[in-house]
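Engineer: On the provided structure of chain W, position chain U as indicated by the hints.
For the protein sequence lines, the chains are W and U, in the order given. Oh and the first sequence: position 144 is 144 in the working numbering, straight run, nothing missing. Oh and the second sequence: position 48 is 48 in the working numbering, straight run, nothing missing.
Calculated from the structure, these hints are not laboratory results. Any given hint could be a false lead.
No copy labels: a pair is met if it fits in one copy or bridges any two.
Stated by the list, open to error - Computed cross-link-like contacts, SDA-like style, restricted to lysine to any residue with a CA-CA straight-line distance of at most 20 angstroms:
| hint | residue 1 | residue 2 |
| --- | --- | --- |
| 1 | Lys62 | Glu87 |
| 2 | Lys135 | Glu38 |
| 3 | Lys145 | Asn181 |
| 4 | Lys135 | Phe44 |
| 5 | Lys88 | Gln76 |
| 6 | Lys62 | Pro82 |
| 7 | Lys62 | Lys145 |
| 8 | Lys135 | Met41 |
| 9 | Lys88 | Ala75 |
| 10 | Lys3 | Thr108 |
| 11 | Lys146 | Pro82 |
| 12 | Lys62 | Phe149 |
| 13 | Lys114 | Val168 |
| 14 | Lys88 | Thr78 |
| 15 | Lys113 | Asp33 |
What follows is each chain in one-letter form.
There are 2 protein chains.
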Amino acid sequence: MYKVYGDMLSGNCYKIKLIMNFLEIEHEWIHIDILTSETHMDSFRMMNPNARIPVLKINEGKYLWESNAILNYLAQDTIYLPTDRYEKSIALQWQFFEQYSHEPYIATARYIKKYLGLPKNREGEYLSKQEGGHKALSLMEEQLKKSKFFLGDKPTIADICLYAYTHVAEEGGFSLAEYRNIQRWFSDFVLIPGYVKMDRENV
Amino acid sequence: MYKVYGDMLSGNCYKIKLIMNFLEIEHEWIHIDILTSETHMDSFRMMNPNARIPVLKINEGKYLWESNAILNYLAQDTIYLPTDRYEKSIALQWQFFEQYSHEPYIATARYIKKYLGLPKNREGEYLSKQEGGHKALSLMEEQLKKSKFFLGDKPTIADICLYAYTHVAEEGGFSLAEYRNIQRWFSDFVLIPGYVKMDRENV
Chain W
1 MYKVYGDMLS GNCYKIKLIM NFLEIEHEWI HIDILTSETH MDSFRMMNPN
51 ARIPVLKINE GKYLWESNAI LNYLAQDTIY LPTDRYEKSI ALQWQFFEQY
101 SHEPYIATAR YIKKYLGLPK NREGEYLSKQ EGGHKALSLM EEQLKKSKFF
151 LGDKPTIADI CLYAYTHVAE EGGFSLAEYR NIQRWFSDFV LIPGYVKMDR
201 ENV
Chain U
1 MYKVYGDMLS GNCYKIKLIM NFLEIEHEWI HIDILTSETH MDSFRMMNPN
51 ARIPVLKINE GKYLWESNAI LNYLAQDTIY LPTDRYEKSI ALQWQFFEQY
101 SHEPYIATAR YIKKYLGLPK NREGEYLSKQ EGGHKALSLM EEQLKKSKFF
151 LGDKPTIADI CLYAYTHVAE EGGFSLAEYR NIQRWFSDFV LIPGYVKMDR
201 ENV
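Just chain W, with the same shape it has in the complex (with noise of 0.2 angstroms):
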């Protein structure tokens, strides 16, 4: 049976929580404490040397990280990875997206935020991500526009990898009022059938 390494309020493990539960794929949850720094642990670093979550254990000594590496894998055959060479190469690209031009602004503010309450000494940092941030949900709400999903009619791993992050972005400033597009495509998103909503405080 599959375990996964992570920790239910980070948007990077919620993707794999979601697959996982689209998918009807049985695993173990294996709850790790970023704040405490359980992942530079040498048990953890041993599965991941770059001591992020999630990981995926596949079986012993076969470990899997990165959350889109981990959907890619889990998708494969399934109706949520495209097999046509092009779309699956889009689904890559707004993945890649999202790890560089959406992740690094709306998960951080969130994180600052929401996890370390906001210091003063990291305020010029949180404003500093507002722009970037606004200019990814720009992006995908001219995408949103143009179909239902981020390939079509049908969700992919491009929409739970955006998600993730997205639907809590109000959590770090960003207001969502103004994008009607994705309003409406997270409405559309809940109604896959498994969908289970993000933890919002650790047990």
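Structural biologist: Quick look at chain U alone, frame taken from chain W:
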């Protein structure tokens, strides 16, 4: 015939040049000047609304952006992309690592130093990139202690992706003297048939 819109001084574009050469794919290279904001012109944003190079034009109206998505597209069904599900995901893992944990430090420091001439007002940012850059290099060094290339004995798109900015890391102020396995990997990489150097100055 494929068209590539890019700048050969950019590591992200160099990745595409390398795979095109390794696979002997005929293509036309169209130079885009990032320093004069050519990527922000309407004609460019029509191809990539995110206003970044490189862009691959497959045919009329069919574009692909994000360098690593393009690598996956071009490498499909070739020796540069494993077919095994796990191996293929590990190649992706390294590519997401590159975009999130490597490029923002190593390429950005290089950009500030080499392209912008290390102006006073960006010195703090430049210095702040050093720690993360060395962290990424150390992690690569550990992997290259264990295997000739990132996924074993043969080069894949994981190597192409990571080679692009690593081999010019010293231009971003990162000394590679201590990274013996990275240097050994460089010397193996340049032996790949079709290897071409990165342009060092635009003509």
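Engineer: Let me make sure I understand: some of the numbered hints might not hold for this structure. Which ones are they, in numerical order?
Structural biologist: 10
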